[in-house]
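Please model the complete structure; the sequences and the hints are all you need to start from.
Protein chains in written order, with this note's numbering: chain X, 1 to 114; chain C, 1 to 111.
Source of the hints: derived by calculation from the structure; they are not laboratory data.
Note that the structure is a prediction, hence the values are computed from the model and not measured.
Backbone N, C-alpha and C fix where the C-beta goes; we use that ideal spot for every residue, glycine too.
Be a bit skeptical, because a hint or two may be false.
Looking from chain C toward chain X, a few residues come up when the C-beta cut is under 10 Å (computed) [stated by the list, open to error]:
{"no.": "1", "residue": "G43"}
{"no.": "2", "residue": "Q45"}
{"no.": "3", "residue": "Y46"}
{"no.": "4", "residue": "I47"}
{"no.": "5", "residue": "V100"}
{"no.": "6", "residue": "F101"}
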Amino acid sequence: DSGVTQTPKHLITATGQRVTLRCSPRSGDLSVYWYQQSLDQGLQFLIHYYNGEERAKGNILERFSAQQFPDLHSELNLSSLELGDSALYFCASSARTGGDYGYTFGSGTRLTVV
Amino acid sequence: DAKTTQPPSMDCAEGRAANLPCNHSTISGNEYVYWYRQIHSQGPQYIIHGLKNNETNEMASLIITEDRKSSTLILPHATLRDTAVYYCIVRVANYGQNFVFGPGTRLSVLP
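Here it is in structure tokens:
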């Protein structure tokens, strides 16, 4: 258990639908990062939140949005889903102080769009 | 972030040392070398990082050349469970900066 919790683990939905992926960071971590991993694209950075504020955007589609709540958990919202959105979605968190030992990743949510 | 170059795949015999190379010829003076691995469809796992000195922890050793243009991750006694994709990333050690993952090296540990 990495300490980063992602739910649900698996999600199957139809094209055109909207889903919400949830991430709870490690205790004490203020930064949350979202990544998408599809078969042909590798790990792609989507977005970074720090203490409730958006800090950086990567290759995130306009149909996707995210937020981080006061309790520091984060949600990634995916709407108007397409077949190509099928992928693993990972959340990671990082320590706010001290040495930077990189990210701690969750186990991911596998999204299948049918 | 500086780019890195890694071989797409490598094999290693179980029990032997696995040496994974990484080239980062454009690395800046304040950029660290990080290594992660991803075991099939699991979340990436942090292994080790360093600036210019060699580093060792319970998982691996990191050897960085004196000019810092390349590095080698060493798994001293590879096991079947070390079969994974290994990513070498260079970036400034700032917890606010995101990691950019390349294709990595697919290491297969063979019995």
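Evaluation of the provided hints:
1. G43: This hint holds: C/G43 lies near chain X, its Cβ roughly 3 Å from the closest one there, short of 10 Å.
2. Q45: Result: holds, 7 Å to nearest chain X Cβ.
3. Y46: Cβ of C/Y46 sits 4 Å from chain X, so the hint holds.
4. I47: holds (9 Å)
5. V100: holds (7 Å)
6. F101: Result: holds, 4 Å to nearest chain X Cβ.
Checked against the numbered hints given earlier, this structure breaks none of them.
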